[in-house]
Amino acid sequence: MSRIKDWLAESHDLAFAILLAMIVYGYFAVTNEFFATHRTTFAIMERFAVLGLVGLALTLCIIAGEIDLSIGSNAALSAVIVVRFTDSLGAETALLIAVGVATLIGVIQGYFIAYLRIRAIVLTVGTLMLLRGVALFVAQEKTVMLTDFTIPDFIATKVLGYFSPASLLVVAMFVVVGLFMTFTRYGREIYAIGGARKEALAAGINLQRPMIIVFAISGFCAGLGGCIIGLRSGTAQALGLQYLLLAGTVAAFIGGVSILGGRGGVVGAAIGTLTVNFLNTGLVFNVTPAFMVQLYLGVLLMIVIMFQTGSRMFDDHQRRRQILSDVDGRRDQLLRRRAAALHSGQGGGGPGAG
Amino acid sequence: MTGRTISGVHNRALALIDRWVQKYSALVVVLVAAFLVVFIYGMVTAPNFLTVFNFKTIIRDAALVGIMAIGLTFVTLSGNFFLLSMKETAALCIIAFATSMSLGYGFPISFLFTMAIALLAGAMQGLLIGLGGNPIVVTLGAAGLFFGLGSWWSDNLVLSFRRPHGAEWLGTGSLFGLPNITIAFILIAIAAEMTLRYTTFGRQVYLIGANRAAGKATGHENLSMAIKVCIIASVCSAFVAVAFSAQVSSAHVNYFSSEFGSSGDMTIMVIATVMVGGNSIMGGFGSTLRSSLGAIFISTVDNMMVLHGFNSGPRVLAVGLMIVFSIIVFALLRRGSRALE
Chain A
43 MSRIKDWLAE SHDLAFAILL AMIVYGYFAV TNEFFATHRT TFAIMERFAV LGLVGLALTL
103 CIIAGEIDLS IGSNAALSAV IVVRFTDSLG AETALLIAVG VATLIGVIQG YFIAYLRIRA
163 IVLTVGTLML LRGVALFVAQ EKTVMLTDFT IPDFIATKVL GYFSPASLLV VAMFVVVGLF
223 MTFTRYGREI YAIGGARKEA LAAGINLQRP MIIVFAISGF CAGLGGCIIG LRSGTAQALG
283 LQYLLLAGTV AAFIGGVSIL GGRGGVVGAA IGTLTVNFLN TGLVFNVTPA FMVQLYLGVL
343 LMIVIMFQTG SRMFDDHQRR RQILSDVDGR RDQLLRRRAA ALHSGQGGGG PGAG
Chain B
9 MTGRTISGVH NRALALIDRW VQKYSALVVV LVAAFLVVFI YGMVTAPNFL TVFNFKTIIR
69 DAALVGIMAI GLTFVTLSGN FFLLSMKETA ALCIIAFATS MSLGYGFPIS FLFTMAIALL
129 AGAMQGLLIG LGGNPIVVTL GAAGLFFGLG SWWSDNLVLS FRRPHGAEWL GTGSLFGLPN
189 ITIAFILIAI AAEMTLRYTT FGRQVYLIGA NRAAGKATGH ENLSMAIKVC IIASVCSAFV
249 AVAFSAQVSS AHVNYFSSEF GSSGDMTIMV IATVMVGGNS IMGGFGSTLR SSLGAIFIST
309 VDNMMVLHGF NSGPRVLAVG LMIVFSIIVF ALLRRGSRAL E
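Each protein sequence line maps, in turn, to chains A and B.
Start counting at 1 in the first sequence, then tack on 42, and there's your number in the working numbering.
Start counting at 1 in the second sequence, then tack on 8, and there's your number in the working numbering.
Okay, chain B solo, but in the shape it has when bound (with noise of 0.2 Å):
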């Protein structure tokens, strides 16, 4: 009786592992449940990896990647690929940021020059993108531009602003228990997911992904799109820098480039939790939420890595790995699903 109930337990998960193996192809299962077992592994050997503060540390962690992957989903999901200028945008605004607090005009003006300068930078950038210039070579050519200016503005200097500042509330004040800037991401995400999902932009942004020819059959031209998701992406990368620099009372264009975080290079690390979240970089398909989450596993392994005494080299090679893991999955799993550009 009970050896029958066992093998048919066992007949229906073989059958149900049967499914997914025609479904998706064996290559994917395999991958993901590879990868599933390495990662439970993981979880369960690393020490003091599951506790409360671990988790709020993992979030933390994830939420200035979040906030700049959030900005830069609505670029990808617009069909634009992504900004290559992520980090640089973010250069010149956490010099200006901080040019204007050591200037003591105070958090708001500060706060608002250098959005208005993300303004400008994202604007500019999607002008030329909603043109009809390749984004990936644009955004390459505005981040040499935009890192040049950061460093001739501050002479490559490390600006820094007195202790006691109108800015401290944001960098390392925290509410009930949670540092402000993870309920910052968290607001963030809330507000991109809803943006997306109820609003008339939301799903003109999904339109112009999708399809960029019937966008423009229906009136939807990718030239406004590109400029507004452009400022979108640029404003995100200026809040991270607002962000940083409040944390830190100073500012450097280098501190977005190889001193920030474990994995080198930001932009990067950016695109890498837009894709490992499963957006399409095609367009059309995905959801910030999907990068908010990406940001967070990508912290949640990290963390991981971290607590069992890796170092950087392994780790930045298991985000590339995980990226490439991601793109070569989605892929297979999309095959034949859409029409191919």
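Just chain A, same shape as in the assembly (with noise of 0.2 Å):
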């Protein structure tokens, strides 16, 4: 019982990120028939693959302080590129090439983030346009579409009950991704210049390689994501996948990052992305139009932001009652010794100006 107690005070984001996730689950399951039920689950695991790696791309910025506004046209781009090129070069080939080019450009915006020392939201804002066109380019401003289908049949192949070749994908790699940000030094480092930059480069830490890493996994995921939606659906647009921003950021919020850097994980990652999943998939079962969903996001993120600048306000406030007691504490402290010290010196020195 005292380590349930202890767990839920040393991280109440991931308890409320598991209640949240429960309670819009248990809404659905109860308020829908067909909800709780393998077929939902299956697909529920279907969105979580493409979601997923947003969610978990985007947790890793925040968590290095940083945001990636591009991740969008960056999946947005692989996608194009790994429709195009399946059919001519094969899927494996233009898989490699899609996602190598993804992760290259996450490394070169790392690079001019940290070089440039600028804000992310900065750079990644021209890069959205920038790759937009890339893509439009790429797909010479058409839907591209794939003539054969054998790649969207594989990766729809249910295995194991309720994945799929894409899901396990993702689950593994959620599963490294963590490790890597628990247990090396390079992931500890990610947390260290988002959660307090300025100290963690008077210590030594050089800002381009968390930064690099950073932006190479973003890019990486989203362009494995891109890959995904593209290859499933066997269509790509190059001005599509706009929703991603704000679904990958939602989940990432409700899985307990923190805007100011520095906390959150990959677990809180995860159960933010299958919250937003339970809810687009539950919408999608009360025949809700596309629109609304968007709204019910907007609304949820709104009330995870109050929620986190509520919070901050109240420990400020904390804080500062703490230092202004233990200031008084410190004064009267002083002033009765003075006092005592004046009483036994018999009023010999002169007494002190207050």
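Don't take each hint at face value.
Stated by the list, open to error - For each label pair, taking beta carbons as the anchor points, the in silico distance ranges come out as:
no., chain 1, residue 1, chain 2, residue 2, range
1, A, Thr330, B, Ser182, 30 to 36 Å
2, A, Glu134, B, Val256, 32 to 38 Å
3, A, Glu134, B, Asn319, 43 to 49 Å
4, A, Phe84, B, Pro116, 52 to 58 Å
5, A, Ser44, B, Trp160, 45 to 51 Å
6, A, Glu134, B, Asp163, 41 to 47 Å
7, B, Asn319, A, Thr330, 33 to 39 Å
Just so you know, these hints were derived from the structure itself, not from any lab.
All residues carry an ideal CB built from backbone N, CA and C; glycine is no exception.
Make one complex out of these two single chains by using the hints.
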């Protein structure tokens, strides 16, 4: 029992995320008889394959104190690349090229952010547009399509009950990144530059390495996610996938990252993504139009932000009160000591000015 | 004699370039030079580019994005980065305006109604930002909210109102041979620049943007400032929505998403305009004049590419390159001149 209490006190964000996920799932499971079934679970895992990658990428970026706005464009670019070149080069080569390009874009972004010492939002809002242009260029302003549908069929095959090859790959990705973030020095450097950048730099961390790693992972995830979407549906549009940023950000914030950086983790990202997926799938089951999903996601994000801002203001308030009371206590102590000294010295010294 | 003069000029030019290279970095000089060469080449070779009519077209194209960018510049200057909800605010407002117009309330009431909605939208975002929320994330959420509300309100349909209506003068009218939207753009640009330069509020924007701690210490909290600048940005979006709706006599939430202009996303175009103008995204440095010029500049390049017969892909690419280019150049120029945040 006390162990549970300790865990709750230590990671209340995660507890909140799990609670929220359970509430959302429970709500839809009760109101819709088709929701809590094996088939729906498979469908949710299929969604998890894409959104999970984006949520993971954004979680890492926010842990590092930055945000990657270009993630949707990057995903759209690799979707276009993989769909366009699968017919001529084969799926494996096209996949390699697409994910490689996306990762390379991430590395370049990370390098420039660290080299120019600018905020990531500044650069990524530019690359958002740039990559859309590149994607339009690659797709020649058309919707690209596959002609051979063996790959989409392979990706959507069921293995191990609830999984497909795509979602298995993504789960493996979560495990690897989670281990990396927790147990390696590079992973902890990412937490360090997010939570306390000045202190981390003063302690000798080279800003470039963690920044490049974060954005490389972000690019890789975006690229892989784009490839999965593109190959699964067999089509890709250069201007598509804009919704990924909002959904991924909501997932990351539900998962307990702090906008100030340095907090959150891969488990939170997974739970946050699942929550968003429950919401998405449940709303689709209840025949809600797509724009309403966006509305709900927006409201959810605003609520989480309000919650975080409120708790931060409360923390600040508490800390200030703590400091003030410490100062008061110290002053009282000093005054008392002086009074005692004066008393024992029989008023020999002059009274100090207040 | 002449030979010596030429070599003198040559040497002086070399010295000038040398000084530039030392003052800025070699990369900046090379980038700017390469850009100028491409720009001038395109300008000279584009057919019908250097005509008065084309110049008017450029400014008219720049007007709508420019007005939004002027509004956003206040947010950027005050150190609150940018709002990702510009086009969604406009989408909500265009629905509000068209609904009101189609119900027959007339232009003044519809206009005021739209502005009131923009005021609310701006105040809500400003409040959350001022209380310490990250502007990007808050406005990302607000964007989803506004877009959803707009779609829900209009049932995701195109609303239209009949042609002889009270807003036609704003949408399609013209004065002295200039479209009214262009005139509105120029007037708003002048008013915004005057506000920033000569009023207390304008100076406060710069102060809080340049140094938030100093602003706080002198009693200028970011809370009220964030609310004010967000309202300005939202009202500018709403004005653009009204002008655009008056032009086409209809409204749909997607007008600002994909069909608008050449380059896809209106929000990103607006942010691009602010950046290409050379405003510091960290706040405190820049002006609305820069944003207006940025809008005209992007519009010029776009116009040139249209005249050369480029498709939308290369044009979006060009705008993207311009943003990234301006980010890199301005970051290199300002390197070391400001304390790093």
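Against the structure, the hints come out as follows:
In this structure, Thr330 (chain A) and Ser182 (chain B) break the distance hint of 30 to 36 Å, their C-beta atoms being roughly 45 Å apart. Checked against the hint of 32 to 38 Å, the pair Glu134 (chain A) and Val256 (chain B) fails, with Cβ atoms roughly 48 Å apart. Taking the beta carbon of each, Glu134 (chain A) and Asn319 (chain B) are about 31 Å apart, not inside 43 to 49 Å as hinted. For the pair Phe84 (chain A) and Pro116 (chain B), the supplied restraint of 52 to 58 Å holds, since their beta-carbon distance comes to about 56 Å.
In this structure the supplied range 45 to 51 Å holds for Ser44 (chain A) paired with Trp160 (chain B), their Cβ-Cβ distance being about 48 Å. Between Glu134 (chain A) and Asp163 (chain B) the C-beta distance comes to about 46 Å, which sits within the given range of 41 to 47 Å. For the hinted restraint 33 to 39 Å between Asn319 (chain B) and Thr330 (chain A), the CB-CB distance of approximately 36 Å keeps it satisfied.
Going through the hint list in order, the structure does not satisfy hints 1, 2 and 3.
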